[in-house]
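Trainee: Letter by letter, the chains look like this.
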Amino acid sequence: MIRQRGYTLLEIVVTLAVFGIFLLIIVLLTADMRANEKRYPINYMAHPEVSSVMARLRRDIFDTTYYPQNFQSYEQTSRTLLLYTIDQTGFGKTVVYDFRTKGEVHRKEFNASDLTSEWVAHGVPDFQFTDYTLKTGQVAARISATDSQGRLAIDEIFVPRPHP
Amino acid sequence: MSKSRGFTLIEVLVALLVLTIVITTTIAMFVERHKRLKEANETILAYQALSNEAEIWRRVAFAQLDAEPPTFQSDTAILAPLNPYSTSVKIDTPRADVKSVTFTIRWSNAQRTAKLSIVRADTGGSGLW
Chain A
0 MIRQRGYTLL EIVVTLAVFG IFLLIIVLLT ADMRANEKRY PINYMAHPEV SSVMARLRRD
60 IFDTTYYPQN FQSYEQTSRT LLLYTIDQTG FGKTVVYDFR TKGEVHRKEF NASDLTSEWV
120 AHGVPDFQFT DYTLKTGQVA ARISATDSQG RLAIDEIFVP RPHP
Chain W
0 MSKSRGFTLI EVLVALLVLT IVITTTIAMF VERHKRLKEA NETILAYQAL SNEAEIWRRV
60 AFAQLDAEPP TFQSDTAILA PLNPYSTSVK IDTPRADVKS VTFTIRWSNA QRTAKLSIVR
120 ADTGGSGLW
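Keeping their order, the protein sequence lines are chains A and W. Residue numbering for the first sequence follows numbering that gives the first Met the number 0, beginning at 0 and increasing consecutively. Residue numbering for the second sequence follows numbering that gives the first Met the number 0, beginning at 0 and increasing consecutively.
Just so you know, these hints were derived from the structure itself, not from any lab. Fair warning: this is a prediction, and the values are worked out from it, not measured in the lab. Just so it is clear, CB atoms sit at the ideal spot from N, CA and C, and this is done for glycine as well.
Only some residues are given here: those of chain A computed to face chain W with a beta carbon under 8 Å:
(1) Arg-38
(2) Tyr-39
(3) Met-44
(4) Thr-135
(5) Asp-154
(6) Val-158
Could you put the whole structure together from the sequences, leaning on the hints where they help?
Mentor: Structure below.
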């Protein structure tokens, strides 16, 4: 009797079919994942630094009484946000958010003309500030940020609370 | 006695069963993780839009609330990845001096929903929330 070596055609076909099914599943999943990556912006809210910046911005803007056009060497632009806010003790202070350096947010706090505090957040997206006027005429601050692909990832409107 | 070589049928079947379980579990985990990540991304975007809308409706005068159109007033560009989606605003009046404003976003053929409610009280125009 001749002893045969190797596999039969049927065995090879079945093995390839099973392998092909797994391959197809992996390809479909990867394609779906890629499509979602293209569709959705980066979830910056999961980053502690970004959350801190947003929380601080929210608090400062809530307490804002007005937006100065200029302060020292700073000017109110889409990349530099100037606020005049009331602190917990009831005193006014000027706060400057500087978004001009890529990947950084600088926050400076001034008592009159003296710098009283400064912090920098690193590894953050490029923030931008625009004003947003409500139907009531009140001017809100709209903070937005895009990811490296230009997709809108953060878009939040903060309205200063009414001050007497 | 002839010495047989190779694996028995039972051995091959058990090995295949183990392999199938491992591969199926891995793929299922992969799919579930992917699904949850997608849902989390969508929820983050939806709640940014809801939060913006709440900010705007907080400033609408109490007496004016019912006269407002039941649609979102803010720019909802952030919701673009959820397209097609729908938005709505519903106002309930549990008491004469209290109104509950609920903002809703529906997407994925209305299978997914995000809601945010704010309660407005009639403060007599004092500017308080």
